[in-house]
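**Q** All chains, please: the whole structure from these sequences, using the hints.
Chains as they are written, first to last, in this note's numbering: chain U, 11 to 598; chain A, 404 to 560.
Think of the hints as simulated: they come from the structure by calculation, not from any bench.
One should not assume that every hint holds.
Okay, derived cross-link-like pairs now, DSSO-like style, lysine-lysine, Cα gap no bigger than 27 Å in a straight line [claimed, not checked]: (1) A:K527 <-> U:K481; (2) U:K574 <-> U:K407; (3) U:K284 <-> A:K448; (4) A:K548 <-> U:K523; (5) A:K543 <-> U:K340; (6) U:K527 <-> A:K527; (7) A:K472 <-> A:K530; (8) A:K530 <-> U:K527; (9) U:K284 <-> U:K340; (10) A:K549 <-> U:K523; (11) A:K530 <-> U:K523; (12) A:K543 <-> U:K486; (13) A:K548 <-> A:K527; (14) A:K446 <-> U:K527; (15) U:K486 <-> A:K527; (16) A:K549 <-> A:K472; (17) A:K548 <-> A:K446; (18) U:K284 <-> A:K446; (19) A:K530 <-> U:K544; (20) A:K472 <-> A:K543; (21) A:K530 <-> A:K446; (22) A:K472 <-> U:K239; (23) U:K523 <-> U:K486; (24) A:K548 <-> U:K481; (25) A:K548 <-> A:K448; (26) A:K472 <-> U:K284; (27) U:K527 <-> A:K548; (28) U:K527 <-> A:K543; (29) A:K549 <-> U:K340; (30) U:K575 <-> U:K407; (31) U:K527 <-> U:K486; (32) A:K543 <-> A:K446; (33) A:K548 <-> U:K340.
All values derive from a computational prediction rather than experimental measurement.
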Amino acid sequence: MKISRREFIRLMGLAGAAGMLPGSAFSAMKRPGDLYEIPKFGNVCLLHMTDCHAQLNPIYFREPSVNLGVGGALGKAPHLVGEALLRHFNIAPDSIAAHALSYLNFDQAAQQYGRVGGFAHLASLVKRLRTERGDGNSLLLDGGDTWQGSGTAYWTRGKDMVGACNLLGVDVMTGHWEFTYLDKEIIENIGEFEGDFVAQNVGVNEVALFDYKFADFAGFSEDDGLAFKPYTMKEIGGVRVAVVGQAFPYTPIANPQRFIPDWTFGIQDDRMQKIINRVRENEQPDLLVVLSHNGMDVDLKMASRVSGIDVIFGGHTHDGMPAPSVVENKSGKTLVTNAGSNGKFLGVMDLDVREGRLQDFRYRLVPVFSNMLPADAEMQAYIDQVRAPYQEQLEEKLAVAEETLYRRGNFNGTFDQVICDALRSVNDAQISLSPGFRWGTSVLPGQAITMDNVMDQTCITYPETYRREMKGSEIKAILEDVSDNLFNADPYFQQGGDMVRVGGLDYVCEPNKTIGKRISSMTLDDGTPVDADKSYTVAGWATVGSQSPGRPIWDVVAEYLRDKKQIRIEKLNTPKLVGVEGNPGIAG
Amino acid sequence: MMNRKRRMLLQGSLTAGAIGVAVGAGLLTPGSVLAAWPEKAFKAKEMPEMLQELMGANVVEASDGINIKAPDIAENGAVVPVTVTTDIAGAQSIALIAVNNPAPLVASYDLGEGTEGFVSTRIKMGKSGDVVAVVNAGGKLYSAKKEVKVTIGGCGG
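**A** Right, here's the structure in full:
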């Protein structure tokens, strides 16, 4: 069933015509009118969305200009930005595809092509493709980070998105930020979700197993000690498809364990192998795919260690990759995709599955341009109804952006700087810290910064702020710890977030060093060196260990924006990087 | 049957110390409980001294016959789940060592004759470092290690 080397060479040859290889990656996108004409191919269509972060409405999203690869990942997908990324995938500069995939010429192109994503527009695209493929010939997979990320998702505890996903027709999903509500809310949400929620790497810990409070939940298996179904079988056009779920392995580390005390995660690739072997043996699938929230680097390593997977549909690291990476392993090769974030893309893989195995495929990462796709009326009505109670609050214009505000990138984005400046200003602190999430929408120059935008950047279920004294040595330890989550040469030690954002602090960072040796020359904004033994006032938010005492971060940022009215970044606290010359993961 | 024993082992580990645990699960010989507490070994900072005290030898050979299952990154450094399995013939005892702990020797398990080479427990780790398992088989020592990272958490994307 696995793809042999010879077969794969053939597949790769065929894939060249399908947008996998240079020369044609976006051949269907030369004219906007052709953007959504995706020829039917094969007999199974797998649609993949991931990391939309509850963006029900169309938004702007600037792709990163810094996405460094270290160790074995240097210079390889997904660690390519700007022109290096376009060259690698042979995307024409200044094309609509170049705008969708890179940060290049963002302001002007964003004005030209308009907003991306939005569930009403996504719904139109999904319906169109599913109709074209024919009844029962497609599956819609959702890689997670769907039920968190907007004001309405926060206030409805994810319920608005459960409803939207049911309406959209999501067949199978896995999760990460879904696990940041309280465990009983998560169980309730998954109960209301009409598709299958799968995760082979979420166990119930030994203590909780003795008297497990969700023992009646349908997905729980006492024999395996798993909290959710590890996989599901679907019959698509007469083809048996196994979808194995892989939730974000480091959820209780990157996010609060206190909300989900009974569950234990981890990469669990040995269990993944056992489950795949079992599924291959017992279920006899014609196609076996993994729906993953590992992050792309972890997926690439997992694909090299685990055999028997045809395709890993990946997310978490928000890498919009127009073609799959191909990974060799013991039994053959596995395709690894990553489908971007914020509802900006829909991954479309058409597969020819016959004689019990994958014969051939076509893949396209389709950008969802809201101006080029009609809004689905039913979905739009649902969105309007969900937003109605919060509309006035969300549409408050807090200030005007004088330059592009964005987050994504390994270090401070401009919107992060606004948050860090707000924390320092409102809390009268010397230094501020803000988490390096990869979600958060962008604001164009001249546009109003609304409460919607602020919630897009900040709304988590542990939003409380703090102001406290920290020694220079403690601040360094935090920077070292987080940079090791990002730049550890072994992907299994990476957590998939970006570097912690800082305000009032400059430093030198050497990504290729090891923990304890990456961060040096820390100085305050005025150039005063940070003393390891001296104390500094630090303001921050998003503490995972325990609840902080201060106001939610969005209140702090909103107050700052209302006060400032015009937002221009005076100083971006981005570190001086050492040892990254020539790295194609940073804009030249 | 094995699963039930594992469950009992885990249950035991909630209330008992490391050595008491495996006895409770019927995997170890009661004699091992009565053996003198190897105080010097548990207080030793360096592996050779520790192993000499504990196992009467300090030459260790790396072995593929030992498998350590532990997380790459600990979800909670206070309770890091570690499972050691070994198929080394004649394994008499298994020691667990967290090299960067102030007292590196965490536990030592004496195995009764014919017992499956399997121990599972949770250990406390103050900071990142290797977890080492040393198996004593007829006076010869074999080892394997697994890096476990203990992080401050947060800031995930």
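**Q** Measure nothing beyond the straight line between the CA atoms of K548 of chain A and K448 of chain A; if it is 27 Å or shorter, mark the hint as holding.
**A** 17 Å, holds
**Q** Decide if the proposed pair is consistent with the structure: K530 of chain A and K523 of chain U, CA atoms, cutoff 27 Å inclusive.
**A** 19 Å, holds
**Q** Would you mind confirming whether the straight-line C-alpha gap from K527 of chain U to K527 of chain A stays at or under 27 Å?
**A** Within the cut-off at roughly 26 Å; holds.
**Q** Taken at face value, is the distance from the CA of K543 of chain A to the CA of K472 of chain A at most 27 Å?
**A** Roughly 23 Å between the alpha carbons, so the hint for K472 of chain A and K543 of chain A holds.
**Q** Does K407 of chain U sit within 27 Å of K575 of chain U, going by the straight-line distance between their CA atoms?
**A** Roughly 9 Å between the alpha carbons, so the hint for K575 of chain U and K407 of chain U holds.
**Q** Within 27 Å, alpha carbon to alpha carbon, are K527 of chain U and K486 of chain U?
**A** Roughly 10 Å between the alpha carbons, so the hint for K527 of chain U and K486 of chain U holds.
**Q** With the threshold set at 27 Å, check whether the alpha-carbon distance from K548 of chain A to K481 of chain U stays at or below it.
**A** It is violated: about 34 Å lies between the C-alpha atoms, which goes past 27 Å.
**Q** Is it true that the CA of K446 of chain A sits at most 27 Å from the CA of K527 of chain U?
**A** Violated: K446 of chain A and K527 of chain U sit about 31 Å apart, past 27 Å.
**Q** Hint check: K543 of chain A vs K340 of chain U, CA-CA at most 27 Å. Holds or violated?
**A** 34 Å, violated
**Q** Is the Cα-Cα distance between K472 of chain A and K530 of chain A 27 Å or less?
**A** This hinted pair holds, its Cα atoms lying about 18 Å apart.
**Q** Within 27 Å, alpha carbon to alpha carbon, are K284 of chain U and K340 of chain U?
**A** Holds, at about 15 Å.
**Q** Sort out whether K407 of chain U lies within 27 Å of K574 of chain U, counting only the CA atoms.
**A** Measuring from Cα to Cα gives roughly 12 Å; hence the hint holds.
In this structure, the hints that do not hold are numbers 3, 5, 12, 14, 18, 24, 28, in rising order.
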